[in-house]
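Novice: FYI, the numbering for the sequence shown is 25 to 255, going by the working numbering.
I should point out that these hints are in silico values taken from the structure, not numbers from a laboratory.
Each residue gets a CB set at the ideal place from its N, CA and C atoms; glycine is no exception.
Treat each hint with caution, since some may be false.
Stated by the list, open to error - Using C-beta positions, here's what the derived DEER-type ranges look like:
#1 His-147 / Ala-31: 42 to 52 Å
#2 Val-168 / Ala-28: 22 to 32 Å
#3 Ala-115 / Ala-31: 41 to 51 Å
#4 Ala-115 / Ile-30: 11 to 21 Å
#5 Gly-212 / Glu-180: 14 to 24 Å
#6 Gln-194 / Leu-39: 22 to 32 Å
#7 Arg-36 / Ala-151: 22 to 32 Å
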Amino acid sequence: MPLAVIAFVWLRSTLPSLPAERSSGAGAPFRLLGRPPVALGMAAILFLFMGQFALFTYLRPFLEGVTGVDVTTLSFLLLILGVTGLIGTYAVGWFLRRGLHAVLVAIPLVMAAIAIALIGLGHALIATTVLLAAWGLIGMPAPVGWGTWLSQTLPENAEAGGGLMVATIQLGITLGASIGGVLFDLGGHQSTFAASAGMLSASTVLALLSWRLNARASDHHVHQQPSPAAT
Numbered sequence: 025m026p027l028a029v030i031a032f033v034w035l036r037s038t039l040p041s042l043p044a045e046r047s048s049g050a051g052a053p054f055r056l057l058g059r060p061p062v063a064l065g066m067a068a069i070l071f072l073f074m075g076q077f078a079l080f081t082y083l084r085p086f087l088e089g090v091t092g093v094d095v096t097t098l099s100f101l102l103l104i105l106g107v108t109g110l111i112g113t114y115a116v117g118w119f120l121r122r123g124l125h126a127v128l129v130a131i132p133l134v135m136a137a138i139a140i141a142l143i144g145l146g147h148a149l150i151a152t153t154v155l156l157a158a159w160g161l162i163g164m165p166a167p168v169g170w171g172t173w174l175s176q177t178l179p180e181n182a183e184a185g186g187g188l189m190v191a192t193i194q195l196g197i198t199l200g201a202s203i204g205g206v207l208f209d210l211g212g213h214q215s216t217f218a219a220s221a222g223m224l225s226a227s228t229v230l231a232l233l234s235w236r237l238n239a240r241a242s243d244h245h246v247h248q249q250p251s252p253a254a255t
């Protein structure tokens, strides 16, 4: 608590004032959902985090009960997950610069494949270690990708869009963890991980649809630009 108070005082005294460029109002985030690419993108984010946390929240009972690890090995596996996530977050910028939407489609698709693979290979420690390392490497950078998408899709409404994305992520985490827990109690890790794969697959489809709508909007904008000959 004292450290939090010190951090608050320091931030309050050092950060500059950043007034909003325009008054958007409380309903601005919801009005953004009237744009189909934004609505599809937010839906993709929702299902991405639902799928991610439906599985991630219950890694410990899975690893202890299925893979059969002890506390020390469990800690090591979670460390690997965090380290590969850090590496992925650092490296994802290179891929985003070369194909933002392709990355947003590929991330949940690969994560869905990992979830399915864990169902069949979860009893094998080495295979599980490799799969969890891949999960961290691929899944942890997802917020960076979608944050980049937000800045490109809503450059004039970054504040409202950011608030909407944060709310969507929090809803996705809550729903995913809740649904995953119910399924884990009813059908074990197979049900939870299969549901996670389904949610992540839905995110893949929604990200692809958002990509196509963005591409159509960009093409339409280009065609509306006057040609040099006309000017």
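Novice: Could you run down the list of hints and mark each one as holding or not?
Specialist: Comparing the hints with the structure gives:
1. His-147 / Ala-31: 42 to 52 Å: holds (44 Å)
2. Val-168 / Ala-28: 22 to 32 Å: holds (26 Å)
3. Ala-115 / Ala-31: 41 to 51 Å: violated (29 Å)
4. Ala-115 / Ile-30: 11 to 21 Å: Since Ala-115 and Ile-30 have Cβ atoms about 34 Å apart, the given range 11 to 21 Å is violated.
5. Gly-212 / Glu-180: 14 to 24 Å: violated (48 Å)
6. Gln-194 / Leu-39: 22 to 32 Å: Hint holds: Cβ distance 24 Å, inside 22 to 32 Å.
7. Arg-36 / Ala-151: 22 to 32 Å: Because 49 Å falls outside the window, the suggested range is violated.
This entry does not satisfy hints 3, 4, 5, 7, going by the numbered hints stated previously.
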